[in-house]
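Trainee: Read off the chains here:
2 protein chains.
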Amino acid sequence: MGEKGLLLVISGPSGTGKGTVVRALQRANSSLRLSISATTRLPRDGEVDGVDYYFMERDIFKKMIEEGQLLEWAKVYGNYYGTPSHFVRDALERGNDIILEIDIQGALQVKEKLPEAVLVFIAPPSKTELQTRLLGRKSDSREEIEKRLKCMTGEMKLAGGYDYIVVNDSINRALDNIHAIIMAEKCRTWRQQSIIEQLSQPGS
Amino acid sequence: MGEKGLLLVISGPSGTGKGTVVRALQRANSSLRLSISATTRLPRDGEVDGVDYYFMERDIFKKMIEEGQLLEWAKVYGNYYGTPSHFVRDALERGNDIILEIDIQGALQVKEKLPEAVLVFIAPPSKTELQTRLLGRKSDSREEIEKRLKCMTGEMKLAGGYDYIVVNDSINRALDNIHAIIMAEKCRTWRQQSIIEQLSQPGS
Chain H
8 MGEKGLLLVI
18 SGPSGTGKGT
28 VVRALQRANS
38 SLRLSISATT
48 RLPRDGEVDG
58 VDYYFMERDI
68 FKKMIEEGQL
78 LEWAKVYGNY
88 YGTPSHFVRD
98 ALERGNDIIL
108 EIDIQGALQV
118 KEKLPEAVLV
128 FIAPPSKTEL
138 QTRLLGRKSD
148 SREEIEKRLK
158 CMTGEMKLAG
168 GYDYIVVNDS
178 INRALDNIHA
188 IIMAEKCRTW
198 RQQSIIEQLS
208 QPGS
Chain Z
8 MGEKGLLLVI
18 SGPSGTGKGT
28 VVRALQRANS
38 SLRLSISATT
48 RLPRDGEVDG
58 VDYYFMERDI
68 FKKMIEEGQL
78 LEWAKVYGNY
88 YGTPSHFVRD
98 ALERGNDIIL
108 EIDIQGALQV
118 KEKLPEAVLV
128 FIAPPSKTEL
138 QTRLLGRKSD
148 SREEIEKRLK
158 CMTGEMKLAG
168 GYDYIVVNDS
178 INRALDNIHA
188 IIMAEKCRTW
198 RQQSIIEQLS
208 QPGS
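The listed protein sequences derive, respectively, from chains H and Z. Per this note's numbering, the very first residue in the first sequence carries number 8; after that it's consecutive. Per this note's numbering, the very first residue in the second sequence carries number 8; after that it's consecutive.
Copies of the same chain look alike in the list, so a pair counts if it works inside one copy or between any two.
Quick list of in silico lysine-lysine cross-link-like pairs, BS3-like style, CA-CA up to 27 angstroms:
1) Lys11 / Lys134
2) Lys164 / Lys11
3) Lys70 / Lys82
4) Lys193 / Lys11
5) Lys134 / Lys193
6) Lys120 / Lys11
What the hints contain is simulated information worked out from the structure, not anything from laboratory work.
Kindly generate the complete structure, drawing on both the sequences and the hints.
Mentor: Okay, here's the thing in structure tokens:
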């Protein structure tokens with residue numbers, strides 16, 4: 008009898024390196040699968056349906072919202088993005104572990120629908136360090152960076168709804184912590200019902 | 008500013024190897040300290056006060072019970088055994104991690120007084136395996152072994168009050184799991200309040 012998989016939801020402010028963390032987790036752990044989002048935006052060059060996204064018609068997406076078929080969704084610049092429940096639930100039932108890299112509002116929506124989801128918030132070691140990293144990327148203007156830092160102030164207030172905070176001061180330490188979280192969560196008592204039942208039966 | 012230590016409470020049925028696990032944890036992790044119990048029984052040859060036990064007069068022990076100064080206590084064959092709160096609380100405040108190896112009733116008493124205690128239940132992989140191990144120790148009679156197995160049936164029903172169940176099918180795997188639990192627990196959101204506060208302050 009297979010055990011149910013684990014749903015690991017990873018979020019964090021822009022510039023905390025969560026993309027790097029997620030890619031490294033996938034490389035290190037072949038049983039972890041990245042959840043694929045659905046979107047109503049058009050595919051960009053090279054993007055493949057079912058790999059990068061599930062590309063969907065707007066009315067189909069809206070019907071999924073109405074029918075509660077999405078674990079979370081948001082409208083960004085006129086396009087819809089979301090996580091179809093059944094892909095995630097099926098994979099978990101099959102015993103696969105799933106990573107979902109989504110924003111904080113989305114993560115909290117997921118926790119409401121699937122309380123067993125494990126929410127990990129990747130935090131920068133400090134504001135100054137985050138600022139340095141954002142400046143180093145050279146992809147954002149000063150103004151944009153200021154906006155991101157201000158945004159983080161609000162995001163951190165929502166971090167209290169997460170199960171774990173992993174400070175990304177070194178990528179290896181952050182990965183060690185997340186691997187430990189995955190291992191520990193698999194030992195949680197509610198996941199060990201079959202061994203409890205087996206051992207609490209009278210007689211051998 | 009130092010972080011508060013972690014209180015790891017380890018229990019498990021007789022024969023699951025929890026003693027071996029606790030000794031190996033201490034060897035591998037120099038910051039983990041074993042909590043010392045208080046008892047009213049007389050010291051045996053070679054036992055040192057403050058190392059093996061805190062040996063106490065009966066009326067002092069009873070006063071500690073009355074004044075709620077024990078995290079847990081029990082009377083076994085006419086002697087009292089218990090865990091003085093202030094040793095544990097002081098060590099945790101100083102940032103030391105503490106292991107407490109106690110029975111299930113004691114562990115559940117601790118959880119009530121210190122909800123942040125992390126309760127780990129060491130379980131055998133199966134009843135047959137536990138029976139084989141108990142027979143292999145050659146220290147117990149058949150009757151004693153039967154009693155222990157029966158006892159486990161009841162103990163497993165209380166295991167639901169634990170945070171984690173670690174199946175000791177291999178000592179190394181059990182240790183890896185407990186190390187992961189310690190690491191993960193240190194990332195718990197409630198333990199990361201200082202970084203949340205620091206990052207959620209407006210301005211840099």
